[in-house]
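Here the protein sequences come in this chain order: A, B and C. So the first sequence is numbered by our numbering: it starts at 1 and just counts up by one. So the second sequence is numbered by our numbering: it starts at 1 and just counts up by one. So the third sequence is numbered by our numbering: it starts at 1 and just counts up by one.
Just so you know, the hints here were simulated from the structure itself, not pulled from any lab data. It is possible that some hints are incorrect.
Quick list of in silico lysine to aspartate or glutamate cross-link-like pairs, EDC-like style, CA-CA up to 20 angstroms [stated by the list, open to error]: (1) C/335 <-> C/325; (2) C/161 <-> C/181; (3) C/233 <-> C/218; (4) A/49 <-> C/321; (5) A/49 <-> C/323; (6) A/183 <-> A/337; (7) A/49 <-> C/329; (8) A/49 <-> C/483; (9) C/455 <-> C/46; (10) C/11 <-> C/466; (11) C/455 <-> C/434; (12) C/455 <-> C/94.
Pairwise CB distance ranges, derived in the manner of DEER restraints [as the list claims (entries may be wrong)]: (13) B/152 <-> A/316: 10 to 20 angstroms; (14) A/284 <-> C/535: 41 to 51 angstroms; (15) A/240 <-> C/293: 53 to 63 angstroms; (16) B/113 <-> A/420: 44 to 54 angstroms; (17) B/200 <-> A/269: 27 to 37 angstroms; (18) B/58 <-> A/415: 51 to 61 angstroms; (19) B/150 <-> A/34: 28 to 38 angstroms; (20) B/150 <-> A/389: 38 to 48 angstroms; (21) C/151 <-> A/393: 38 to 48 angstroms; (22) A/34 <-> C/519: 21 to 31 angstroms.
Residues from chain B that face chain A, not an exhaustive set, calculated with beta carbons under 10 angstroms [said to hold, decoys possible]: (23) 137; (24) 166; (25) 169.
Note that CB positions come from ideal geometry on N, CA and C, so glycine has one too.
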Amino acid sequence: MAEESILTDEFLRQLINVGEADVLVGVPTYNNAATVGQVVQTIRAGLLKYFPRERAVIVNADGGSRDQTSDLVRGASISDLQHSTDLNALRTLHSISAEYAGGPATGTALRTILASAELLRVSACAVVSPESTTIAPEWIERLLRPVYQGNFDFVTPLYRRHKFDGLLMRNLVYPMTRAFYGKQVREPYAAEFSFSGQLASHFLAQEIWTHEVGHTGTEIALTISAITGGFRLAQSFLGVKPHVDARAADLVAAMRQTVGALFWSLEPNFSLWSTKNDSQPVPTLGAGQEVTLEPLRINRKRLFGMFRSGVAELEPVLKSILSPPTLSELQRISALDEGDFLYGDDLWARTVYEFAASYHKAVISRDHVVQALAPLYRGRAFTFLVENREASGEQMEQKVEDFCLTCERLKPSLVEQWNGRK
Amino acid sequence: MREMIVNELTQATQELVREFARFLPRLMVMLIVVLVGWVIAYVVKWILRSFLRLIKFDKLSEGAGATQLLNKAALPSSTELVSRFAFWTAWLGFILVGVSALGILGMQEYVTRFFVFLPRLLVALIFLFIGLLAASFFSRAALLWAVNTNMPSPRLLSSAARVLITVFTASAVFEELGLADSTMLLAFAIVLGAVMLGLAIAFGLGGQDLARRFLEARFAPEKKEGQEREDELSPL
Amino acid sequence: MPISHDQLWYKDAIIYQVHVRTFFDTNGDGIGDFRGLAQRLDYLQDLGVNAVWLMPFFPSPLRDDGYDIADYTSVHASYGNLEDFKGFLQAAHERGIRVIVELVLNHTSDQHPWFLESRKSRDNPKRDWYVWSDTDTRYQGVRIIFVDTELSNWAWDPVSKAYYWHRFFSHQPDLNYDNPDVREEMWKVMKLWLEMGVDGFRLDAVPYLVEREGTSCENLPETHAVLKELRAKLDQHYPGKMLLAEANQWPADLRAYFGDGDEFHMAFHFPLMPRMFMGLKLEDRKPITEILKQTPQIPPSCQWTLFLRNHDELTLEMVTDIERDYMYDQYARDKHMRINVGIRRRLAPLLDNDRRRIELMNGMLMSFPGTPIIYYGDEIGMGDNIYLGDRNGVRTPMQWQGGWNAGFSTADPESLYSPLVLNPVYGYQAVNVESQKRFDHSLLCWMKRIIKVRKANPVLGRGSIEFLYPANHRILAYVRQLDKESILVVNNLSSTAQAVELDLRRFKGNILIEMFGRNIFPRVGDLPYLLTLGPYQFYWFRLRRI
C-alpha cells in the first residue's frame, strides 16, 4: 500500500509556486476569520521588518473553514500582481492557504505545516495561533531569529500572563513535564513556538502521527520529542498572552490535550525519563516571564464544590486508580471545611504520579483516567488560588518552583509503581 | 394378610437393596470419573497455565489489547482466564460422562444435548463478557461526564446506564441460550419498566433544577451574567 | 551596408558604447585614437551593432575623463584631429553604423576659454555665462552628487573673489542657461557636429541646466524649455537626428524629458538596471516587474535606452534604502567596489563570471522594451580593476588578444593611459577577442547570435510589453507584441531548475517556435502551458498560428 500523503494536491500546487524558502510561519486555523486577518498582517509586518532579505512564506493550514479565513490569509501576500507599492518589500511574499484532509484537528494542521517546512527546506519555521490578537511584529523576530541564526532548534514562548491564567500549566503540565524529562520548559504546550528545518524532519518521522496525540495535544508531544531527541532548546519572551474567553475553555478537553498527551508520552520514553532525577534550566531570551496582577474573579466556591462531589461520586473509579493511603487522604481533606481545606504539594504530586501509573497500566479506560483527574485538579486549583490570593508574582513563582522540586523529589515513587503490580 | 404385607415389604426391600446394589458400583464409577476428571482437569489447567506463562501469553494479549478489555470488565488476566476455562470445560465434560455412567434413563439424551449446547453457551458467554464490559465502560463514562459537568446525581446516572446495558445484555444472552420464553420476556419488561420509571423520577427530581436554570437563562439572562462571568477559570 | 533613412532608426538600434581612448592605439602613444577606432569598425560590424556612442573626445584637462570640456569644437590631441574624426565617421556610415556624440551641456572645464574670460572680472561680457554669487548660501538644500569628493555646490574663485555654482566637480563650473547667448552658442556647437554628419547626441547631465531658488534645481520647467528649444531647432534643420538624455531620475520624473515627443527622442532608464541585478540575486521577479509597471507610457516616437553596465558606477540612487543595502551586501562587499552611491564594477565580475547569468541578463536587456546599449568589453566578459581610482577600473584598454598590451597598443606597457587587467581570470591573456573568435561557444559568438536575432525582430525594439504573472515568482515572463507579431519571453531568475505554468489562453491554437534554434514547441491549448527551465535559463518564443 502506498504511504498516505500528508499534503493535499492543492496544498502541493501552492507550495510548488512558493519554492524553496528560508523562513516559514505556519498558522493553523479553523473558522478564525474574526482574528486571523489581524494576526496574519502582523506576521507579514514582522517578516518585512526583521527578515526583509529572506525568502519567507506564510502557510495557513485550514481545517475547512466556512468563513473568510482563507481569503484573509491570502490577502497578506506581497506579489507583483497586486498593487502594493507602498510596502517597502524587497521580494515576493507568498501567503498561502489550503485545506488539509481529514477534518479539523490541530495535530493534522501542525503536521501539514511541518511537511510544508520540510518540503520547502526552510531553515526556521514558526507556528502562530490565529487567536493571538496581542501579537506584535517582534514576536516573529523573537521566535524565528534564535532558530534562523542556527543557535537553537526549538524555541518555546514565555508570555506576560494574567496572574491566575494558565493554572493547569503552573500546577500540572509544567512541573510534570519538567520532572519527567528534566528540562525546565515553561510552556510545553504553546500556541506559538518555532523550530529548525532539521527538527521539522525529526518531528515528521515520529510515531505520534498514527496515535491520538497526532490529532490533539500534538504541541506537547512535539515539545517532548524535541527534549528527548536532545535538540537545543530555548525560551523566548514574546509579550502579553491574550486572556482566553473562559466560557470557550473546556477543562476536560484541555486535560486530554495536555495531561493525556503527557501521560501517553511516558510509555515509549520510559528508559529516558525513569533515569532522570533532576532538571536543567533552558536558555531564556528576552525579558523573562511576568504576571499582571489585576484581579480576576473566579468562582472558588464552585471549584471546591466540584472537587468535593468529584471525590465522593468517583470513589469506585478513584479506588481503581489511587493507592489506598492516597485515596483516604483525599477523602479526609474533602471532608474539611472550605476554610481549612488544603490540597498540598505532596499529596497533589503523588496523586498525579499515581494517575500516571494507572494510565500506563490501563486499569480502566485511559481516557477515563484523564477525566477522573479533572475534579481533583479543581481542588488543587482551589488551594492554589487561596494560597496565592495576596501573593506577588515572585512569591507565586516561588510556590510553583517549590512544587516542581516536590515533583522531582517524589518521582522515584512513580518509577516504583510503574513496574509494580497494583 | 399380615404375611402378605411382610412379604411384600421384604420383597420391596430386597428389590431396593438389589437395585441399590446394582446402582452402587455405577455411583462409585461416577464418583471416580468425576474425581479423576477433576484431577485431569486440574493437571490440564496447570500445564496450560505453565505453557501460557512460558510463551508469555499475557504480553501477547496485551499487545492485542485483550488485557485492557479484561481489565475494563474487571476480569482476571488472560492466562488465568484461558486456563480456568479449560479446567471447567474439561471437568464439566468428565462430570457429564460420569453422570451418563449412572445409566439413568434419559440422562444420556441430556448429556448429548449439553455437548450440542456448548457452542451456544460459548457465544452467550462472549455476549455476556462484552455486555459487562460495555456496562462497566459506559456507566463510568456517564459518571465522569456527570461529575465533570457538575450534573446532579452522577451515581444515579451511572447506575442507570449500567442497569440498562446489563438488562439488554441479559436479554441477548438468554435469547442466545434459547431461554427467552414468555416468562423471560415478561421479566424483562418488568425490569425495563422499573428502570424507566426510576429514570423518569430521577430526571424529574434532578431536572427540576436544570429546567429552572434553563428557564432563568432563557428569560432572565441579565440576572445571570455577573455570576457566569466569574465562573470558570481558563485552564491553559 | 549604407545606413537606412528610417526616422525612427534609434528604435531598432543596438548601441555600442566606447571611449576613443580605450579602443585601439595606432600611433603607439599608449592612448587609443580615432584612426584606431576606424580600423576596428569591422569588429563592430561583425558583432552586429548598428550605432556607436562616443564618450567625450574634446580637448580637455581630463580631470573627469573628458567630461570637463575645454573646447567643444575640436578633438583632443591624443585622439587625433578633426580629419581623423571625419574619416572615422565616414567609415562607420559605410558600414551602416551610426555615430552618437556625447555633449556636456551643463558645465565646462574651468580651463575652457569661456570660464577663463568669465572669471577675469565681474564686468567681463562672459561674466554672465556662468552662475556666480557673492555668498555660498543660495540654492540651499540642493543635493550634492559626488558626495565622496565635494562638500558644496559652490566653489570659491580667488581670481574674481566670488562663488561659482557647480553640480559636479568643483573644476566643472555650470553654464548659465538663463543667458540667451549661452543657449545660442551651444546650438552653434551642435550645428558644427551635425554638419559633419553625426547622427545624434547623448546630452550629459540634463536635469541641472537651470537653477531656481527654493527648488531642488533639478528637472525645472525652465530646463525643459531650454531643451525643447534645442529640439525644435534640430527638427527644423536636421530631421532624423536623435537626442538621448542622461538624467538619473525616477521614471515619473524622466517622463517629462520626452515632452510630447518634442524634447528627447530617447532617455536612459536608470532605475531598471539595479533592479535587474537585484531580481537576479533575490531570485524574484518582483523588483523588475514593479519598476516596469511604474514606468509611464512615452510618446510613440520616443524610446527608452537600456543598459546593464556603463562607464559610471552601477548607480544606486534610484532605489530605496533597504534595496541599496541589499545591493551593497550582495554585489559590493569589498568597500573598494563602492563609489559615490553605487558600485564600480563591470558586468562579468558582478555576475561572478557566470556565463549563464551573463547570458540571462543580456537576454533580458535585449528583450525588454527599449534600445539596448552594450558597454565596450562586456561582449567578451572583460573584468575590472577596483583598485584604480575613481571609475577608471571599468575604463581599462580593450582586450584584443593575448599578446603585447593585449593588442591594444605597441607602446611600452608602462606608458598606457591605464594599466591592463592582469588578473588570471579576467586578464587579457584569458579574456580577449581573438581567442573568443576561435570558438563558437564563446561569449562573443553568443552575443553575435543574440544581437542577430534581436535585429531580425523589430517587435523587440518597438513592440508593447505585457507581463504574465505565473504563480512561480522566480519566473519572469512577458509577451512583446507589434501588430500581428508576438514574442513570448520566459526567464528563470533562479539558480535552480523551475517549473512554471503560463496562462496563454488568449494565444490558444498558436504554436511556440524557439527563436534561437527554431524548434517547435507544443501548441497552446486550454490548459496552463507548462514549461520547465534550467538554472538561469531563458526562452524566446515566436507565437505563430499555423
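For each hint, the structure was consulted:
no.	hint	result
1	C/335 <-> C/325	13 angstroms, holds
2	C/161 <-> C/181	24 angstroms, violated
3	C/233 <-> C/218	23 angstroms, violated
4	A/49 <-> C/321	13 angstroms, holds
5	A/49 <-> C/323	13 angstroms, holds
6	A/183 <-> A/337	38 angstroms, violated
7	A/49 <-> C/329	17 angstroms, holds
8	A/49 <-> C/483	45 angstroms, violated
9	C/455 <-> C/46	13 angstroms, holds
10	C/11 <-> C/466	18 angstroms, holds
11	C/455 <-> C/434	24 angstroms, violated
12	C/455 <-> C/94	18 angstroms, holds
13	B/152 <-> A/316: 10 to 20 angstroms	18 angstroms, holds
14	A/284 <-> C/535: 41 to 51 angstroms	43 angstroms, holds
15	A/240 <-> C/293: 53 to 63 angstroms	41 angstroms, violated
16	B/113 <-> A/420: 44 to 54 angstroms	48 angstroms, holds
17	B/200 <-> A/269: 27 to 37 angstroms	50 angstroms, violated
18	B/58 <-> A/415: 51 to 61 angstroms	22 angstroms, violated
19	B/150 <-> A/34: 28 to 38 angstroms	29 angstroms, holds
20	B/150 <-> A/389: 38 to 48 angstroms	23 angstroms, violated
21	C/151 <-> A/393: 38 to 48 angstroms	57 angstroms, violated
22	A/34 <-> C/519: 21 to 31 angstroms	55 angstroms, violated
23	137	6 angstroms, holds
24	166	16 angstroms, violated
25	169	18 angstroms, violated
When each numbered hint is compared with the structure, violations occur for hints 2, 3, 6, 8, 11, 15, 17, 18, 20, 21, 22, 24, 25.
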